[in-house]
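J.: What follows is each chain in one-letter form.
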Amino acid sequence: GAGVSQSPSNKVTEKGKDVELRCDPISGHTALYWYRQRLGQGLEFLIYFQGNSAPDKSGLPSDRFSAERTGESVSTLTIQRTQQEDSAVYLCASSLVVSEYGYTFGSGTRLTVV
Amino acid sequence: GQSLEQPSEVTAVEGAIVQINCTYQTSGFYGLSWYQQHDGGAPTFLSYNALDGLEETGRFSSFLSRSDSYGYLLLQELQMKDSASYFCAVRGGNTNAGKSTFGDGTTLTVKP
Chain A
1 GAGVSQSPSN KVTEKGKDVE LRCDPISGHT ALYWYRQRLG QGLEFLIYFQ
51 GNSAPDKSGL PSDRFSAERT GESVSTLTIQ RTQQEDSAVY LCASSLVVSE
101 YGYTFGSGTR LTVV
Chain B
1 GQSLEQPSEV TAVEGAIVQI NCTYQTSGFY GLSWYQQHDG GAPTFLSYNA
51 LDGLEETGRF SSFLSRSDSY GYLLLQELQM KDSASYFCAV RGGNTNAGKS
101 TFGDGTTLTV KP
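Quick note, the sequences are listed as chains A and B, same order.
Note that this note's numbering has the first sequence beginning at 1, numbered continuously upward.
Note that this note's numbering has the second sequence beginning at 1, numbered continuously upward.
Chain B extracted, bound-state conformation (with noise of 0.2 Å):
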């Protein structure tokens, strides 16, 4: 099977950088997904992690390790309209190519 786990809620003021994390546990392993959700919204896909290192999409950059089965997404100079609820998500091996397995989310609130 497949857990994942990041922190529940994240504060950090506009323009700040703020880091989420993301550690895993997949019995097998495609890629590490980073998604956005405003309240009410549909999730929308931010970026996608498949080797190990920095994958830098504007101002969001993801990182993966896989020896250390841990990510994180980046948000650098954080506006107001960032505030929304961030997920994970692990995509499963050749067997289970479709499935995706979702963390709980990670609930940022940007202040002025």
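This is chain A alone, in the form it adopts within the complex (with noise of 0.2 Å):
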């Protein structure tokens, strides 16, 4: 595709649902990152992939983070048991490789657990 494309664009769930974000990242492109956005702040490295392996998981929050990538292409993230601090933005990137120096961010996922 011509640029990263997150979905959906908005998630409101209750507390304790499960959630599942999607990525597709630009075709060709072998890295593929999560970031976390909070409101008003930086953003928070949760996870990468080179292909479909994750060399770094360090910085997801808790176990009820996993993510995946299938074809080294789409990603998912997945939050279980949603909880209030969970609330924020998700954004994922893609760059043709792990060592290109500046990525190509997706417009995110603004999800909100109430």
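Hints are computed from structural coordinates only; laboratory data are not their basis.
Here a beta-carbon is modelled for each residue, glycine too, at the ideal position from N, C-alpha and C.
Be aware that a few hints might be false.
[Stated by the list, open to error] Derived contacts from chain A toward chain B, CB cut-off under 8 Å, selection only: (1) Pro8; (2) Leu43; (3) Gly106.
[To be verified] Here chain A is said to cover these stretches of chain B; the calculated rule only asks that three of the stretch's residues, wherever they fall, bring their Cβ under 8 Å from a Cβ of chain A: (4) 36-44; (5) 100-109.
Could you use the hints to bring the two separately framed chains together as a complex?
T.: Now the structure itself:
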């Protein structure tokens, strides 16, 4: 695709429910990244993929968070038993290779847990 | 670990020059990046410095001093559309090449 696509753009869920956030990177980009951005704050690293493998999962806040990538393409970030503190914008980015200087970000999924 | 500091807000007038500073502490360093983010929008990549010195891209320039763990973004001939948040980010060392740590961002307001 022409850019990084994320869906849904907005998600309101009840506390305790599970949610899945999807990211479609730019075609051919081998590296994919997930970040979280709380209101008025910087971007918090969650996880990155090189191909379908995740060399660094150190940013995942708890075992309620998981992510996978298939076909060196689409990635899904899953949050189980959502809590109010999970409310944030979840941003996905991709780059041609991990060593590429800059990332191309998607517009994010705004998650609100009520 | 890694941490970055940048001013929370900067205000300047149209046509002026503004400098946004970034200092960092890191256990491994691969490079310093800058991103721009308009309200409600996606961050967009502006520049990257892996070596000391100045990199120029149109109206924007970025500088890095690795010995001082310091960098800055210089915006010249400011325009109203430059009003946005600007983030510096440090990419980790070889074992963390895919992890970038971001600062909390600097909100730039350009006034007429």
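J.: With reference to the structure, classify each hint as holding or not holding.
T.: Structure-based check of each hint:
1. Against a cut-off of 8 Å between C-beta atoms, the interface hint on A/Pro8 is violated, since the closest Cβ of chain B lies about 15 Å away.
2. The closest approach between the C-beta of A/Leu43 and any C-beta of chain B is roughly 4 Å, which is under the 8 Å cut-off, so the hint is satisfied.
3. Using the Cβ-Cβ criterion of 8 Å, the hint placing A/Gly106 at the interface with chain B is satisfied: the shortest such distance is roughly 6 Å.
4. Judged by the Cβ-Cβ criterion of 8 Å, the region 36-44 of chain B is covered by chain A as claimed, because 4 of its residues qualify and three suffice.
5. Remark: the region 100-109 of chain B is confirmed as covered by chain A, as 6 of its residues place a Cβ nearer than 8 Å to a Cβ of that chain, reaching the required three.
When the structure is compared with the earlier hints, a violation turns up for hint 1 alone.
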